[in-house]
Each structure stands twice: as C-alpha cells, then as structure tokens.
Amino acid sequence: MALRNIVKVGDDVLRKVCRTQMTFDEKLWSLLDDMADTMYKAEGVGLAAPQVGILRRVCVVDIGEGLIELVNPVITEKSGFQKGNEGCLSVPDRFEEVVRPMKVTVRAQNRKGENIEIKGDGFLARALCHEIDHLDGILYIDKI
Amino acid sequence: MANARKVAVKVLVKIEKEGAYSNLAVADALKNGELNPQDKALATALIYGVLDRKITLDYILSQFLKNPVSKTEVFTLNVLRTALYQIKYMDKIPTSAAVNEAVKIMKSSKFSRNSGFVNGVLRSVLRTEVNLPQGDSATDLSIRFSCPLWVVESFLKDYGLDATKALLEDSLKPAPTVLRINTAKANINEINKDYEVKNNSIELKRGMDITENELYKKGLVFVQDYASQKAVETLNPKKGDRVLDLCAAPGGKSFTMACLMENEGEIIACDLYRHRVELIEKSARRLGLDIIKTRVADATVFDENLGQFDCVLCDVPCSGLGVIRRKPEIKYTKTEDLDGLEQTQKAILKTAVKYLKKGGRLLYSTCTLRRAENENLVIWLKKEYNELYHISEHAFMPYKDGTDGFFCALFEKR
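These protein sequence lines map, in sequence, to chains E and F.
So in our numbering, spot 131 of the first sequence is number 131, and the numbers just go up one at a time.
So in our numbering, spot 96 of the second sequence is number 96, and the numbers just go up one at a time.
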C-alpha cells in the first residue's frame with residue numbers, strides 16, 4: 001500500500017488535459033493500486049490521476065458498490081439530469097450543487113487493456129462524470 | 001367450448017366492441033373456459049399477437065378484400081386476422097391447419113354464411129406474396145410496425161426517426177415479467193439460492209403463471225418493472241415518513257416505498273375506483289406491508305383532513321405509450337381520448353402540491369413517451385409553482401434502458 005499526495009485546487013496540474021494511457025504494465029497497475037488506496041484513505045468516492053499529479057487518462061471510482069478502475073474512459077451516452085451537492089478531494093471543505101446527467105454509459109479499458117462498458121445512474125453517474133471531467137482539466141466548481 | 005382459436009376470436013371481438021382491457025379480458029376468458037394449459041397458451045399468444053399486429057394484418061387483408069376492412073363484419077374479420085396471424089407469424093402451425101380451423105369456426109358460428117368468403121380470402125392470401133412498405137415515412141412505419149399513425153407521428157415529433165424506429169421495434173418484442181422482492185419480508189440471500197437476483201428483482205420466464213409462483217404466493221415478491229422501481233428509488237422515502245400515493249392502483253409503487261421505509265411510517269394509497277383500491281388492499285395484505293392504508297379518493301380533489309406529507313407520488317393516468325409491449329391495445333386508443341388527459345394531470349399535480357410539507361418531495365411519473373404529458377408538464381409545473389425546486393428528471397427508453405418506457409421528475413418544496 002502506498003498513499004500518494006492529493007493535489008489541491010490552484011495547482012496547474014489539475015487544469016491540464018491528460019494523455020491517453022497506452023501501456024498496460026506494472027507501472028499502470030501500481031498507479032491504480034495507489035490511487036485506490038489514496039481514495040479509500042481520504043474517504044472519497046472517486047479519484048482521477050491528475051489529482052495525484054499524473055497526467056494520464058486514468059481514474060478510480062467506488063461509491064460503496066465496489067471498485068471501478070477506468071483507463072481512457074469516454075462517456076458515450078447520457079440522458080436525463082439530476083441536481084445535487086458534490087465535493088472533491090482536491091477542493092477541500094466545499095460542497096456545491098452541480099447539474100449532472102441522470103444516466104451515463106462509459107466506454108473504457110480495464111487494467112489489462114480490455115474494453116469495458118459501465119452503465120451508471122444516479123450517484124454513480126455523477127461520480128463518473130466528475131472523475132472524467134478531471135481528465136480534461138475540468139473541476140466541478142467550473143460548473144456551478 | 002374448448003377451442004383455443006375460437007376463444008381467441010371471442011376475446012378479440014369483445015375487446016374491439018366493448019373496449020375491454022386485454023389483460024383482464026384474456027384472464028377472464030381463460031378462467032371460465034375449459035382449455036387445457038396448451039390451448040390456454042395458444043389462445044393467449046393469438047390474442048396478443050393479433051392485437052400486436054392488427055394494422056399490419058389489416059393492411060395485408062385489405063389487398064384481398066373488395067370492401068374496406070372497417071366495413072367487414074367484426075366476428076368474420078377477427079377470424080381472418082387470427083388465421084392470417086398464424087400463417088404469417090407462427091411457424092409451428094401449418095398454414096393448412098390455420099385455414100381449415102378458421103373455416104370450421106365460421107361454420108359453427110351464426111355467421112356461417114361467411115365461411116366461403118373466409119376460405120376464399122385465406123386461400124388467395126396463401127397464393128400471393130404481399131410485401132410490406134419498407135420506407136421511413138410515418139405511414140410506412142405505421143403499417144410495418146403495426147402502430148397507429150398518430151403514435152408514430154408523436155414519436156417522430158418528440159424523438160426523431162432513429163429513436164422512433166427503435167421504439168417501434170421494441171413495442172413488438174415480448175416484455176419480461178419483473179418481480180420486485182418484498183425486502184420488508186423476504187431474505188434476498190434465500191431467494192438468491194434459487195433465482196438470479198438483480199437490483200432487488202427477479203425476472204420470470206415468459207408464459208409462466210405468476211399466481212402459481214411459490215414466492216408470489218408467500219408474499220415475498222410483487223410485479224413491478226425496473227423503471228417504476230428506479231422512479232420510487234429517486235423519491236427515496238425514509239423510515240417513519242408520511243407518504244401519499246395519489247393514483248396508487250394496482251399498488252406496486254406503494255409496495256416498493258413500504259420496502260424502502262422498512263415497513264415503518266405511513267403510506268396512504270388512494271385510487272378513484274373501489275375495485276382498484278380493493279386490489280391494493282389485497283396485495284398489501286399478501287405482502288404483509290401494514291403501513292399501507294388505502295382510500296377511495298379522487299386525486300384531483302384536495303382533502304384537508306389528510307394533513308401534510310413528506311413524500312407525494314403522482315403516477316398520473318396517461319396515454320401509456322411506454323407500455324404498449326405489455327398492453328398492445330393501448331396502441332388503438334383514439335387521439336380524442338387524450339384531450340382531457342393533460343387537464344387531469346395538471347389538476348392532480350395542483351392538489352399534490354397542497355399536500356406537500358415544506359422540504360417534502362414530489363415525484364411526477366407517467367408510463368408514456370409523449371413530451372406533452374412529460375417534459376412539457378414539468379415546465380408548466382415549474383412556472384406555476386416557484387416554491388418547487390426541480391431536482392432530477394429522466395425519461396426511460398425501452399431500447400436504451402431495458403425497461404418500460406417511463407418518465408419521472410422529482411421536486412422539492414422549499
């Protein structure tokens with residue numbers, strides 16, 4: 001187990017567009033493991049690579065229904081909308097209302113590079129959108 | 001009378017003449033008849049099949065009839081439709097059997113003079129290949145997918161061509177029977193041993209009689225589609241809440257709410273008709289959900305004595321275009337019938353708002369896919385009531401969500 005430092009808002013690294021992850025090797029696996037550990041330790045429900053200073057299209061999500069690891073995720077479908085409070089491990093002590101889709105379908109790869117598809121609704125849809133935004137340098141506070 | 005095809009024709013005539021709801025008419029006919037299980041299955045398949053494909057069947061028949069289909073005598077017409085359905089869509093029935101049985105039914109009926117006509121029409125159907133129109137115009141889609149023109153046009157206007165085609169294709173596919181587990185009483189792990197449990201639900205194999213199911217008899221499950229379950233979950237009533245279900249029958253959403261509340265609190269389930277309220281009462285007792293109290297009440301009339309509620313559910317009467325795969329006769333409602341619908345929906349919402357506590361939540365839902373009854377009504381509601389805060393909204397599409405077509409919008413009173 002290795003914890004990584006969570007970068008806070010104001011750091012430029014959170015504002016960059018991440019690069020596609022091309023290799024699915026031990027380096028990626030340890031990044032994913034560390035990110036999961038860091039997320040659980042901080043009691044978050046999601047964490048994106050730029051939040052630990054790595055500019056790769058990688059994120060992890062766990063809303064209490066099991067860990068989801070996403071490499072190169074893309075939202076392929078969204079529908080409906082929901083309004084609700086959101087927080088971010090990189091923006092401490094703030095909760096603001098953000099409008100997100102009610103349902104999303106995400107296409108991504110897993111840690112082995114295999115294609116996967118995740119469907120999420122409600123809170124999971126919110127978490128997925130939030131983390132995928134990070135990969136493009138977008139923070140939820142931009143959406144208020 | 002123990003002839004599956006004849007039973008099917010009689011039910012079809014009844015539905016056409018009296019507008020009986022198909023599932024009720026089917027259940028009734030099968031209960032009284034002396035059909036064996038195999039014949040029951042055939043009769044059911046024929047009734048739903050003909051209702052499903054009526055426009056397509058009539059289009060084919062019209063190529064062989066001198067007079068318009070609408071002028072043909074109803075009993076004779078339904079014998080023709082039933083036979084044609086077997087010829088075109090049931091590959092296990094030899095075409096000769098379909099024709100011979102049809103003629104037999106005609107001969108034993110009071111319209112025996114038409115039996116030669118039926119024989120003639122069906123023989124020429126067998127000789128000639130009829131191609132269905134393959135274009136994308138509303139009329140072509142209507143004939144190909146056996147869906148009335150106004151429904152196709154409504155889908156096209158609201159959702160565009162691709163979605164319309166997907167919706168129409170799905171409307172002809174069989175729908176799974178979804179049973180939600182009564183989590184207030186059942187142990188999911190126990191059920192998981194014998195069934196595949198997904199999202200607190202199990203799916204029943206097609207053609208199985210629910211009332212014969214062990215879990216159903218024990219009151220451990222009730223029928224409810226995934227979309228309705230999700231809608232209730234977004235409303236999310238809590239333990240101890242006071243909840244009002246304004247148009248509750250047959251009660252599924254009240255039951256799910258009672259489960260979410262762990263059978264603690266109070267749910268008042270209302271419906272306009274006594275027999276429908278009795279239906280809720282009976283099921284609630286079977287399920288052991290005793291926080292549900294039923295009432296015969298008009299949802300458009302405010303009753304001060306009921307007090308204020310934490311959650312109000314308005315599952316309003318609607319055109320039902322989201323559930324045509326379950327109730328195909330909804331396709332054949334007339335557009336005129338829809339005129340008063342929006343007024344009723346608005347009236348129900350107006351009373352619903354009065355019942356809401358400050359901070360209370362209101363769920364508006366329909367089982368239709370028409371903007372006029374869904375999104376547009378939400379816009380109206382927001383304009384009318386500033387104190388209502390619009391939390392979420394979702395339109396469930398059968399081809400995307402694998403549910404019935406369904407719409408729900410959640411509000412909070414501030």
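Check each hint, because a few of them may be wrong.
Derived Cβ-Cβ restraints for the label pairs, each shown as a range [said to hold, decoys possible]:
id : chain 1 : residue 1 : chain 2 : residue 2 : range
1  : E       : 119       : F       : 382       : 26 to 36 Å
2  : F       : 213       : E       : 15        : 37 to 47 Å
3  : F       : 198       : E       : 53        : 32 to 42 Å
Not the full set, but computed from the structure, chain F residues with beta-carbon under 7 Å of chain E [what the hints assert, rightly or not]:
id : residue
4  : 386
5  : 387
6  : 388
7  : 394
Think of the hints as simulated: they come from the structure by calculation, not from any bench.
Since we're looking at a predicted model, the values are computed, not measured.
Quick reminder that beta carbons are idealized off the backbone N, C-alpha and C, glycines included.
Please name the hints from earlier in the document that this structure breaks, with their numbers sorted from lowest to highest. Of the numbered hints given earlier, those the structure breaks are 2, 4, 5 and 6, listed in rising order.
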